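Respectively, the protein sequence lines represent chains A and B.
FYI, the numbering for the first sequence is 2 to 411, going by the numbering used here.
FYI, the numbering for the second sequence is 887 to 1008, going by the numbering used here.
These aren't lab readings, by the way, just hints derived from the structure by calculation.
Since the structure is predicted, the reported quantities are computational estimates derived from the model, not experimental observations.
All C-beta atoms, glycine included, are put in the ideal place defined by N, C-alpha and C.
There may be inaccurate statements among the hints.
Short derived list, chain A residues pointing at chain B, Cβ under 7 Å [claimed, not checked]: (1) Ala123; (2) Ala170; (3) Gly171; (4) Ile172; (5) Arg173.
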Amino acid sequence: MCGSDAENVHRAVERVARESYGRLVAYLSAQTHDLAGAEDALSEALLKALTAWPRDGMPQNPEAWLLTTARRSLIDFFRHQKVMSHSEPEILRMTPASTEAKLETNYPDERLKLLFVCAHPAIDPAMHTPLMLQTVLGLDAVRIAAAFLVSPKTMGQRLVRAKTKIRDAGIRFEVPEHRQLPQRLNAVLEAIYAAFGIGWDDMAGADQRGRGLAEEAIWLARVLLQLMPNEPEVQGLLALMLHCEARRPARRDQAGRRYVPLSEQDAKLWSLSLIEEAESHLAEAAKQTQPGRFQLEAAIQSVHAERARTGRIEWAAIARFYEQLNRMSPTIGGQIGYAAALAEANGAEAGLKVLDTIDPSSISTYQPYWAVRAHLLQSLAKHPEAGQAYDRAIGMAEDPAVKEFLLQKK
Amino acid sequence: MQFAMLIYESSENFAVRKGDGDDPYTGAWRIYHKALAESGAYVAGDPLEVPETATTIRIRDGKRSVQDGPIADTKEQLGGFTILEVPSLDAALEWAARCPAAAYGAVEVRPLAPRMKQKILD
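All chains, full assembly: derive it from the sequences and hints.
Dropping the structure here:
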């Protein structure tokens, strides 16, 4: 076998792994509840593929091949344990060749259940996102650890602990009942958005780890939308992330060093196709007339995107959306967004008034508050106070490009 | 699947129990227990006497060490337990949320470990 064949097979395995990983893990674990076991069985199957496929040729249905192989190693594992005689999961009992063939060309997609398991309220919220990234997308602990700024060993241990809890605590692989759905779905959306947020913030660094994570988050939202096509908040989240993603090329100056705030970005650098896609999801969501946090945040981004067409920002509309957002799900970030928009629409005094209503204890270490406050004070020519606010904003900024931007403003 | 609900209460909660049972605390437990039993989820359970009645024992270096009181002197103490038979953790958490102690103390939910039990019985 020549080298390029090996490479082709390697790429084919990678592609199948990428496309099918979450579906296979979800299906293999839905009945055993054993995520670690399912992942191990799948890794083993992927390893076997690397030797078997070049030797025997690519199977007609690579995904089915992986499922069969992974399932066999799971069966071996359970037989080895000798404890499952009466409670052996159904997935493992269906072994006759005929059922197998039928099942493995058309096996159920259990990823939605898996997403709900990863964001289950009994699991530490800090682990929701890492669990999704690993079990649904197949990211390894090293990469997840880098994004979450912890050591790979620590992240590995936390993931193992979370999976053990899922296996042993009696968490069912199921879509929550109607009554609980909004809250449980919100946890799934939050976890996906958290992955995007990490990707977003980290785009400062020279490494590309952040960028990758933002793309993974969009991928997760697409999977979720495919599984829940009628949930307006899923559409809203995807629209929100696509709007942000559309502006990635415009967020830094040409040297890539200085942060460019949204309202000063060159709209010609925005991706029109991503904006268009975001808009279509938002319009689809609006048909359901069930506004929610993510739809409102997407709507705010949509107003900003309008500038590409109209050349101006409708700050009053943005302020109204923030008002609605803050009524529905009040956060410090939302209040600051409202203050900034109101300042643009009605003058800096109006914005400052809103900032002054925020509880001082909640903003003492919240960088965006000080950045907006500094900006508003400066535009009112309140110099000593503006300088002090800038100092606090600069001191708390993590991103060197943001620091640079604030220093120049000051 | 069977779960234990472990009920944790503060000394103020324990103090309420001294009455004749005609109080909101006992009333809430009465209604809760009735609903639980009627649903078929109730397997077993009992309230425990106050933590001051506890005696903790350890054998160290072959010698018996007896401590007056519970294992740890925490603000909330184990006040009782209930064993549930329900399909999932979510169902157990539903019952735990309805439990009177969830509102004034805390309720810990844990699955029983039937496999460990089997090993002991083997």
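Evaluated hints:
1. Interface hint at alanine 123 (chain A): satisfied, since its Cβ lies 6 Å from the closest Cβ of chain B, which is below the 7 Å cut-off.
2. Residue-level restraint check for alanine 170 (chain A) holds (minimum Cβ-Cβ distance to chain B is 5 Å; threshold 7 Å).
3. The interface hint given for glycine 171 (chain A) holds, since its Cβ lies 4 Å from the closest Cβ of chain B, which is under the 7 Å cut-off.
4. Among the interface hints, the one on isoleucine 172 (chain A) holds; its C-beta lies about 5 Å from the nearest C-beta in chain B, closer than the 7 Å criterion.
5. For arginine 173 (chain A), the interface hint holds, the least distance from its beta-carbon to any beta-carbon of chain B being 4 Å, beneath 7 Å.
Consistency note: the structure conflicts with none of the earlier hints.
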